[in-house]
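**Q** Read off the chains here:
There are 2 protein chains.
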Amino acid sequence: MAKNYQLENIKIVEMLESDLELLLSWRSHPDAYIFFKSQKGPLRWSEHFNFWHNRKNRVDFIIFFKESKRWRKVGSINLSRLETELPEIGIIIGEMTLHGNGIGTKALSLGLEWLKDAGYKKALAVINTKNEASKKIFSKNGFEKKHKIDVWEEYTKNL
Amino acid sequence: MAKNYQLENIKIVEMLESDLELLLSWRSHPDAYIFFKSQKGPLRWSEHFNFWHNRKNRVDFIIFFKESKRWRKVGSINLSRLETELPEIGIIIGEMTLHGNGIGTKALSLGLEWLKDAGYKKALAVINTKNEASKKIFSKNGFEKKHKIDVWEEYTKNL
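Protein chains in written order, with our numbering: chain A, 8 to 166; chain B, 8 to 166.
Calculated directly from the structure, the hints in this document are not laboratory data.
Predicted, not measured: the structure shown is a model, and the values here were computed from it.
Beta carbons are placed, not taken as given, at the ideal position from N, Cα and C, and that holds for glycine.
A portion of the hints provided could be inaccurate.
Residues from chain A that face chain B, not an exhaustive set, calculated with beta carbons under 10 Å [stated by the list, open to error]:
1. 32
2. 33
3. 35
4. 37
5. 38
6. 43
7. 44
8. 47
9. 48
10. 50
11. 52
12. 74
13. 77
14. 81
15. 103
Beta-carbon label-pair distances, calculated as ranges [said to hold, decoys possible]:
16. 149/A - 90/B: 54 to 60 Å
17. 76/B - 54/A: 15 to 21 Å
18. 14/B - 155/A: 34 to 40 Å
19. 37/A - 107/B: 16 to 22 Å
20. 64/B - 157/A: 37 to 43 Å
21. 77/A - 65/B: 19 to 25 Å
22. 53/A - 154/B: 37 to 43 Å
23. 37/A - 74/B: 21 to 27 Å
24. 143/B - 20/A: 36 to 42 Å
25. 61/A - 123/B: 40 to 46 Å
26. 25/A - 147/B: 27 to 33 Å
27. 75/B - 120/A: 33 to 39 Å
28. 37/A - 156/B: 28 to 34 Å
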């Protein structure tokens with residue numbers, strides 16, 4: 008049986024193709040894409056769909072949050088560059104009004120647990136210098152800033 | 008067997024509770040809620056969930072769009088005030104980059120077909136005076152402006 012990645016009221020579950028519309032919508036909110044590297048407006052379906060079917064060395068999870076005895080989908084976490092010794096982790100909390108509630112911090116720790124279980128020793132995050140919320144989530148999980156290139160800060164953590 | 012409401016590459020299907028996250032996300036985009044009557048920021052889950060379980064005399068549909076042989080969820084249409092002789096119809100195209108493609112116009116005609124089949128003779132839409140896209144969609148479907156109260160324009164159509 009596959010291990011469950013759950014911490015209290017948060018769990019992460021591998022994303023399905025049927026989650027693509029939800030992820031598209033989360034990634035099309037201006038408060039989200041303002042911090043993306045390669046997206047300057049709402050995401051186009053064709054781009055999103057092609058990305059999904061052509062992705063390699065990557066796993067995407069849906070973040071579930073339990074409130075009032077009910078689980079719901081609130082965001083996504085992705086692990087990429089899995090062919091290297093320094094996989095990259097990214098996170099989006101799509102349900103905007105949940106920001107600042109500690110959900111991202113818990114979900115990130117579950118993503119790191121998955122990487123550790125898969126045998127990785129280190130993880131990378133590349134964060135927009137203006138994305139204070141994201142920097143906070145990664146710092147709380149033990150990430151440290153290593154470099155800054157243009158507006159991109161590279162953080163790493165030993166697992 | 009229930010009738011299918013489909014027009015070429017558009018169909019509407021009754022919404023399920025499992026669509027609530029997607030609808031929440033669509034309704035939380037600033038380009039959408041700027042035109043809503045009773046929502047001034049991203050929608051809160053508790054409000055959305057309570058609304059769903061307490062709604063009466065109302066039916067909600069998901070709009071599906073077919074492209075490259077694949078159906079996907081792109082918006083929602085709702086019919087309310089179904090206890091009256093003048094039901095109200097509302098629409099949201101959640102996939103932002105599809106705006107202006109005629110999808111809303113077709114989906115609206117399917118909603119009107121549903122109302123007609125249910126025996127209604129007339130339909131109402133209340134549209135923000137600044138929402139030019141929505142006014143276009145309703146006009147194309149034969150709606151005519153009847154009143155304006157504050158920033159709200161009332162349109163009706165005989166079915």
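**Q** Against each hint, give a clear statement of whether it holds in the structure.
**A** Taking the hints in turn, this is what the structure says about them:
no.	hint	result
1	32	4 Å, holds
2	33	6 Å, holds
3	35	5 Å, holds
4	37	7 Å, holds
5	38	8 Å, holds
6	43	15 Å, violated
7	44	19 Å, violated
8	47	12 Å, violated
9	48	8 Å, holds
10	50	8 Å, holds
11	52	7 Å, holds
12	74	7 Å, holds
13	77	8 Å, holds
14	81	8 Å, holds
15	103	4 Å, holds
16	149/A - 90/B: 54 to 60 Å	57 Å, holds
17	76/B - 54/A: 15 to 21 Å	18 Å, holds
18	14/B - 155/A: 34 to 40 Å	53 Å, violated
19	37/A - 107/B: 16 to 22 Å	19 Å, holds
20	64/B - 157/A: 37 to 43 Å	55 Å, violated
21	77/A - 65/B: 19 to 25 Å	22 Å, holds
22	53/A - 154/B: 37 to 43 Å	42 Å, holds
23	37/A - 74/B: 21 to 27 Å	24 Å, holds
24	143/B - 20/A: 36 to 42 Å	41 Å, holds
25	61/A - 123/B: 40 to 46 Å	44 Å, holds
26	25/A - 147/B: 27 to 33 Å	32 Å, holds
27	75/B - 120/A: 33 to 39 Å	37 Å, holds
28	37/A - 156/B: 28 to 34 Å	31 Å, holds
Violated hints for the displayed structure, listed by number in ascending order: 6, 7, 8, 18, 20.
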